Structure formats: structure tokens, C-alpha cells
Amino acid sequence: MSTAVIHYIDEPHPVTGVTNSKLGIWLFIASEIMLFGALFSSYIILRVGNPAWPQGWTVLNVPLATLNTMILITSSVTMVMSWAALMTNRFDRFRLYMGLTILLGLGFMVVKGFEYSHKFHHEHFPWTNNFYGIYFTLTGLHGLHVLGGILVNLYFLLTGSKLWKANPTMFAGRIEAAGLYWHFVDLVWIFLFPSIYLL
Amino acid sequence: MSEHNDHSHELGFIRKYVFSVDHKTIGIQYAITGLLFLFFGFCLMMLMRWQLAYPGEALPLVASWLDNSQMMPGGVMSPDLYNAFGAMHGTIMVFLGVVPLGVGGFGNYIVPLQVGAPDMAFPKLNAASYWSYFVGGVIMLGSFFLPGGPAQSGWTSYPPLSNLASTGQTMWLVGMIFLIASSLLGSVNFLVTIIQLRAKGLSFFRMPFFVWAQFVTAFLLLLAFPPLQAAAVFQLMDRVAGTSFFMPSGLVVSGMPLQVAGGGSPILWQHLFWFLAHPEVYVLILPALGIVTEVIANNTRKPLYGYKTMVYSVLFLGFLSFVVWAHHMFMTGMGTVMSNFFQTTTMIISIPSVILLSCLIITLWGASIRYNLPMMFALAFLPMFAIGGLTGLPLGLATSDIYLHDTYYVIGHFHYVVAPGTLFALFAGIYYWYPKATGRMMNNILGKLHFWISFISINGIFMPMFIQGFAGVSRRLHTPNFYAHSEAIQGTNVFMSISAWVLGAAQLLFIINFFMSLRTGKKASDNPWDATTLEWATPTPPPHGNFLQEPVVHRGPYEYSVPGKATDYVPQQVS
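In the order they appear, the protein sequences are chains A and B.
For the first sequence, my numbering gives the first residue as 70, with consecutive numbering after it.
For the second sequence, my numbering gives the first residue as 4, with consecutive numbering after it.
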């Protein structure tokens, strides 16, 4: 039926200036900020209440985490490049940069895996004390978010990219939304890295 | 209208009625599931009320099939089972009953219609939201079949008790994570729909108040639930991975020191929990308030008094609801500075609530009121909600809360808000929109019987709770007359229990009416209540895509009895 069309899927709303999915992803990020805000607040409260809390850099592997910070920031850059490639109609370069983003995300997870197994090897588990509890819970939840982002990006690189032929504007909109999420996950790490590893 | 139905004709039964992406089907799915959970949660309470009225006596009727030597020795409800039923009654009523009915059901069905949209902005996410809720509900129900029973630590799940409870608590947490995911998907969808998909001409200040109420509710769900998500993850880690986020040092259980690292904070859970759970109170109330507003404007046949004031009030209320949470925690010893802050914000939040209620009451002034079924429930909402709100003031002040905290007074207070308040409003909504959704009116005589019996019996349950609370009877007691001071008013428990069972019986009238009217109800026109808002501008029941032409809005939502017009109402789409 002709009237059963949902508006502003691919063209922005004249007043708000955004498409539905872009507004949706911003609202989703607002919700995620509340999630990580609560996690960080809890971390502060637990740490302030515990005089024996160790300083992160004395027990955690700062060089590895610095490497991971570099990897994630680079992946944010390649994510923007993949979207910019779509804007200039270069689908081949989109695939290159999206592939790079996914590889960098996986690289982050691999480094994280090394870090975790190193901790387990030294008998440092979530139940050892609340420092490790916070460390594993917060970086673990962040890792889950990275994994979710990788899966979404993989979808857009493979089956999801069929949409490019049918509706390029809509596809670019989806990549932009995925990119906003990816940058958010990156940003969470930018907060996690100093507050857990460096303080 | 069948030629406009072509989209849905292509779909098979499963796609059309089970895994549908149409907001109306999803709304009905939400509403029916929510109603079933409400009835189930109420059944738990009807069983508990036997133990409260006749402590230590075997349950009649159900003892034989609930008999389980551990939970029901000799057919008597054990304290563990009482605790489990209490915890699950609260959880089910709040998270699986009222919110899914008010937000998921009414919101899904009505909001796209009232804003003149063909569907929600993200139909597939909408379906995902329902199914995530469904899975959460199944997990919660499944926990009843665990050997140790379901969660037993109250709907608030305070640690360290909840950290040490049986496996049911883990199921509770996993279920909550699904419910939170569901509400996140739903709230994003509502906000985008309301912001982006309003019909041409439907400016924000022409939106029906129900849409405003859902708008603020969606913001509360979006921003208040994540901290509970964080808390649930922490508690799950405590229970599954052995962390000590909520476990203090030096905890001794049954004479044995607990083998955990310690150093955690049980109060942290309370802060995270109430950061959600106070806004959650408004998530329960606001959709109900929205329904009542629609029904009252329609049946007074005059414009709403102070529409803009109500809108600003509800926005202010939504904002303030984020900074009152610790008034649930005056007894934790958090200090007078904190208490002062939170009792001040709590007193301030009563102002917009009173404004909202006053506007509705003033709307009644001088009106020739139509006393139909939805209007009776909506009118009953006003004093019931007022009693619930006003009895909250002594709880919001730290000094008087010290005496009343954790007594039956608290139970009476919030049940007045949620049961005869919110639930009556939700019933008003069902009677009001049933003709739009089904094409038939509900039976008037059965409906009036349902109303009067429910109205009298529900007050019979909750009014004596204030007396019990003043007498110092603690909540969550398995044996209500365990302490000598509560023996004197044990008689009220018998009266309350009988009221509860009568209320349960009255709901059978509603159930009969609901199904009978599907077949035998009087056929409804497209606009049986002579209403102005856009949902009545659709065919009945609305086809897939809702409107025959894209609606254009020319006026505000409540143009009733406009002088010089031929009818006493002017619909929004009339130019």
C-alpha cells in the first residue's frame, strides 16, 4: 500500500536534519553512556572505599594497553575512511578500509586475549580481589562491545553490502551509524585506559 | 477496506500473528502477555494472602498440586516459598506486567496511530523488543521449576542476601538482562517515532498528552535502565565469577566466615538499583496518566485544562525523577547531608505531580460528563492516585520515614499508586481502545460489575495497610502475627485477604467480557466515542499501514465543544 511508507529512512528529516537510524544510534549511545557511566561510578565508589587498592600501572601491562589504544584509534580512522570512500562512490576502497577496521578490531581482541591469559597464568582472577574484579568486568564488557562492532562491520562488509547497489544513500547511512557506534566504543576505551591502567 | 489490506494478505499466519513486525500486532502481543503476567503475579499474591490471613494453616484447593515436602510441608506455605512468591510477585507485576502493558501494549498500539505514522520507525527492532521481553519472561517463569525455587530476595534483590541466595537469583538476573535489552530497543523506537514520524502539521504542542507521556517514559527507560544493567552485571559476576562487588569484608554466614575477597559495598547496589527503580515508578505511572488524560478530555467534552502546563510538568517530572532515588535509602546511614538533598528533591517532585492531577480535576469542573466504562475507571484513578501520592510525603521526609520504613504503610502507599491508580487507568485504556483494535464494544453491564466490585475490593486490600503500618507491622513477614504488637490487628489481614480473593473473582468478569465481546460485542464505528485524536481517523480495526491517506493535522488534540461548530468535537485532521 502506498501510504505504508516509513519516512526519513534514507533522507534526513527537514527539521531534525537526521535520518531515523542516525537519531536512533545517538539515542542508543546515550543509553550506553549511562551504562558505562554507572560502571565507572561504581569503580570510583569501590576504589575510594578501599585503601589497599593498587595503582594500575604497578600490576597491569601498560605497554600492551598502549598498543591496544593505538590499534583502536587507528581502527576509528579506517572506519571514517570506509564511510568517506562511500561518499566518493569508491566501493572498492570501502571494502579495503572496512576490512582493515575489522582486522584492527580483531587485533585488539587478540592483544586483550594475551593480556587476560597472562593474568590467569599469574593466578590473577576476577575473584582475587575487587581490583581484578573491576579490571575484568569493565574491560570484558568493553571487549563484548568491540566484538559486537566487529560482527556488525563483518555483516556490512559481506551480505549487508548488497544494499549498496539497491540504495547507496541508505547503505552509507548504515555505515555512518555503525561508525558512530564504533567511535563510541573507541571512546570508552580512551576513558578505560587511563582510569584503570594509569591511575 | 480489504483492498487496502493487500500487504498483510501476502503473509502467512505465523508472519502475521506470531513474528509480526506490525506495531498493532506487537502492541496486542505485549498487552496480552502483560495481562497474563499480571494475572499470574496476582495469583501468587492470592496464595500468599492465605498465609497472611490464616498463618500456619494448610492452603485449601491448591495444597494438593503445589505440595512439595520442601516448599509446602503439609500443605503449609514455607517461609522460603513465601519469600519466593513475594519477590516474584513484585518482579512480575512491575517488569513483566504493568510496564509491558502500559508502554509495550498501549504505547506500541496507540503512539504511531496518534502521531499519524504508518508504523514504528524500526518495525523489526520493535518485534525484537517484544521477543526479548518474551524470553526474559520465560526465564523468570522457568526459575519457578528450579530445585531451590525462584529468586527469594525481594524484587529489589538487595545484596549480600541476594548474592548468597539459591540459583533462582541467577535466573532472575539473566531474565532482567533480557528485559532491559527489550526496554532499550523499545524506548529508542518510541523516541525516534515521536520525533521523526509525526504527521504533517502535528507540531509538538499539538500532540495528544498520551504521546507526551510516552515520550517522557521512553526517555526514562532509555537513561535509567542502563545503571540497573550495570548492577545486574556486577551481581551476576558476584554470583558466577566469585567477585566481591557487593560483598563487604568479614561477612559471617551461619557462624562461618565467608570465603570471598570482600571489600565490596552492598549500598552500591541500592544506589544503582534505585537509580533505575525510582524513574521506573514514573514509567509505571506516566502511560497511565496519559490514558486517563485522553479518556477524561474525551468524556468531559471540553478542552483539557492547562494542556501546556501539563506538558511542562511531565517534562519536569521526568527530569526530577533522576534525582530522588536515595529517598528509598534513608535508613542506610548515608548521612544527613544526603538525606536533606534527597528529601528536598522529593518534596519538589510532588509539585508537578500535583499540577498534573489538579489540571485533570479542574477539567471535570462544569463539564457534562459521560459516565461510560473508560470514564469510570479514569475517574477512579484520580482519588486513588492522589491517595497514593499524598501518603508518599511522610515517606519522603527522612524523620517520619524512620518510623514508617519497611512497614505495611509503604506497601499501602505504592500499591495505591500502582494498583488502584495505574491498573485502573490501564483498564480504562482497554475499555477505551478495545473498539478500535477489535471493531467491537465491550459489554457494558459486565464492565460496570467489574468496575464496582474491583473498586470496592481493591480499597479493602490496601486501605487497612496504612493502619497496619502505623501499628508497626513489618512488611515481608511470613508469619504476620509473629510479634506480639501485630497480634491485635491480625483481623485486618483476614478482611484484606477476602478482599483480594473477591478482587481476583472480579477479574474473571473482565476476562469473560474481553473474549465474549470479540464475538458478540456491539459493532463499533470508526470513531465510537466521538474523539478528536488521529487514531480514530483510521478504519476499524486499522489495516497494515494504518491510514488510508497520509493524515495532515490542522488543530490541537482536544477541540471539544468549540463554539459555532456543527458537532461538539473537531477531529485533528479536519481542516
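Some clues are possibly wrong.
Below, a list of computed lysine-lysine pairs in the DSS-like style, where the Cα atoms sit at most 30 Å apart [as the list claims (entries may be wrong)]:
#1 B:Lys568 x B:Lys451
#2 B:Lys19 x B:Lys568
#3 B:Lys19 x A:Lys231
#4 B:Lys568 x B:Lys526
#5 B:Lys19 x B:Lys526
#6 B:Lys127 x A:Lys234
#7 B:Lys203 x B:Lys311
#8 B:Lys19 x B:Lys127
#9 B:Lys203 x A:Lys231
These are calculated hints, taken from the structure and not from any lab test.
No experiment lies behind these values; they were computed from the predicted model shown.
Hints, one by one, checked against the model:
1. Distance restraint check for B:Lys568 and B:Lys451: the Cα-Cα separation of roughly 33 Å exceeds the 30 Å cut-off, and the hinted pair is therefore not satisfied.
2. For the hint pairing B:Lys19 with B:Lys568, the CA-to-CA distance comes to about 42 Å; that exceeds 30 Å, so the pair is violated.
3. Only pairs whose Cα atoms come within 30 Å are accepted, and B:Lys19 paired with A:Lys231 is accepted, the gap being roughly 27 Å.
4. For the given pair, B:Lys568 sits about 28 Å from B:Lys526 by alpha-carbon distance, which is consistent with the 30 Å threshold.
5. Pair hint B:Lys19 plus B:Lys526 holds up; C-alpha atoms about 24 Å apart against a cutoff of 30 Å.
6. Our distance criterion of 30 Å between C-alpha atoms is met by B:Lys127 and A:Lys234, whose separation comes to about 22 Å.
7. Restraint check for B:Lys203 and B:Lys311: satisfied, since their Cα atoms lie roughly 21 Å apart, inside the 30 Å limit.
8. As the CA atoms of B:Lys19 and B:Lys127 are separated by approximately 13 Å, the hinted pair is consistent with the 30 Å bound.
9. Taking the CA atoms of B:Lys203 and A:Lys231, the gap is about 33 Å. The hint is violated against a cut of 30 Å.
Checked against the numbered hints given earlier, the structure breaks hints 1, 2 and 9 and satisfies all the rest.
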